[in-house]
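Participant: Sequence:
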Amino acid sequence: MRKIVSLSTLSMVAAATAMLAPSVASADAARGKQLFMRCMACHTVNKGGANKVGPNLAGVVGRKSGSVKNFKYSAAMQKANLTWDEKTLDKWLTRPATVVPGTSMVFAGLPKPEDRKSLIEYMKAAGK
Numbered sequence: 003m004r005k006i007v008s009l010s011t012l013s014m015v016a017a018a019t020a021m022l023a024p025s026v027a028s029a030d031a032a033r034g035k036q037l038f039m040r041c042m043a044c045h046t047v048n049k050g051g052a053n054k055v056g057p058n059l060a061g062v063v064g065r066k067s068g069s070v071k072n073f074k075y076s077a078a079m080q081k082a083n084l085t086w087d088e089k090t091l092d093k094w095l096t097r098p099a100t101v102v103p104g105t106s107m108v109f110a111g112l113p114k115p116e117d118r119k120s121l122i123e124y125m126k127a128a129g130k
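Each residue of the sequence shown is one higher than the last, beginning at 3 in the working numbering.
Think of the hints as simulated: they come from the structure by calculation, not from any bench.
Note that the structure is a prediction, hence the values are computed from the model and not measured.
By construction, the Cβ of each residue, glycine as well, lies at the ideal position given by its N, Cα and C atoms.
Incorrect hints may appear among the rest.
Below 27 Å or equal to it, Euclidean Cα-Cα: the simulated BS3-like pairs (lysine-lysine) are [stated by the list, open to error]:
hint, residue 1, residue 2
1, LYS35, LYS114
2, LYS35, LYS71
3, LYS71, LYS93
4, LYS54, LYS71
5, LYS74, LYS35
6, LYS66, LYS49
7, LYS81, LYS71
8, LYS66, LYS89
9, LYS114, LYS130
10, LYS126, LYS93
11, LYS74, LYS54
12, LYS54, LYS126
13, LYS119, LYS130
14, LYS114, LYS71
So the derived label-pair ranges between C-beta atoms look like this [unchecked claim]:
hint, residue 1, residue 2, range
15, ARG65, SER106, 17 to 23 Å
16, GLY104, LYS49, 25 to 31 Å
17, ARG65, ALA110, 21 to 27 Å
18, LYS71, ALA32, 16 to 22 Å
19, GLN80, ALA32, 30 to 36 Å
Model the full structure from these sequences, guided by the hints.
Facilitator: Next up, the structure:
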């Protein structure tokens, strides 16, 4: 009987966790949207949006570095040959100059891992 109760409890906890997962992702993206406000001085994230001082970041996750048309990248970024996956973006958002020495991006970085994760979640969702 004890095993049945334990299994039943475990099943309920698993179901509750699964139902909460989307709201956690939404919370991350909502926080990421707040964080992106800092980025808006130099970047857009709207599909088809204009480049500013920095390139449009719509669809950045999975994209090759230095590949936005009509944007003049630094020589360092042109040579970087990165794919902006979540791992690379996390490193970049920690401290861009360590990922691409010589980058023209003057952003110092986000020290908190949860902020970087939230910003990446937002960029994944935005501009689709």
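Participant: Work down the list of hints and note, for each, if the structure agrees.
Facilitator: To see whether the hints hold, each was checked on the structure:
Using a Cα cut-off of 27 Å, the hinted pair LYS35 and LYS114 holds, with the two alpha carbons roughly 16 Å apart. This hinted pair checks out: LYS35 and LYS71 have alpha carbons roughly 24 Å apart, not beyond 27 Å. Taking the CA atoms of LYS71 and LYS93, the gap is near 24 Å; set against the 27 Å cutoff, the hint holds. Taking the CA atoms of LYS54 and LYS71, the gap is about 12 Å. The hint holds against a cut of 27 Å.
For the hint linking LYS74 to LYS35, the alpha-carbon distance of about 26 Å falls within 27 Å, and the restraint holds. The hinted pair formed by LYS66 and LYS49 meets the criterion: a straight-line CA distance of about 16 Å does not exceed 27 Å. Distance restraint check for LYS81 and LYS71: the Cα-Cα separation of roughly 16 Å lies within the 27 Å cut-off, and the hinted pair is therefore satisfied. With a CA separation close to 14 Å, the supplied pair LYS66 and LYS89 stays within the 27 Å bound.
Simply put, LYS114 and LYS130 have alpha-carbon atoms about 26 Å apart, close enough for the 27 Å limit, and the pair holds. For the suggested pair LYS126 and LYS93, the alpha carbons sit about 16 Å apart, so the restraint of at most 27 Å is met. Distance hint between LYS74 and LYS54 is fulfilled; the C-alpha atoms sit about 10 Å from each other, no more than 27 Å. Taken as a hint, the LYS54 and LYS126 pair is honoured in the structure, with Cα atoms around 20 Å apart against an allowance of 27 Å.
Annotation: proposed proximity of LYS119 to LYS130 holds, straight-line Cα distance about 18 Å (limit 27 Å). Between LYS114 and LYS71 the CA atoms are separated by roughly 31 Å; this puts the pair beyond 27 Å, and the hint is violated. Take ARG65 and SER106: their Cβ atoms lie about 18 Å apart, and the range 17 to 23 Å holds. Distance hint check: the CB atoms of GLY104 and LYS49 are about 29 Å apart, consistent with the given range 25 to 31 Å.
Checking the proposed 21 to 27 Å range against ARG65 and ALA110 shows it holds: the Cβ atoms sit about 23 Å from each other. As the Cβ distance of LYS71 to ALA32 is approximately 30 Å, the hint placing it in 16 to 22 Å is violated. Checked against the hint of 30 to 36 Å, the pair GLN80 and ALA32 passes, with Cβ atoms roughly 34 Å apart.
Figure legend: structure checked against the earlier numbered hints; hints not met, in rising order: 14, 18.
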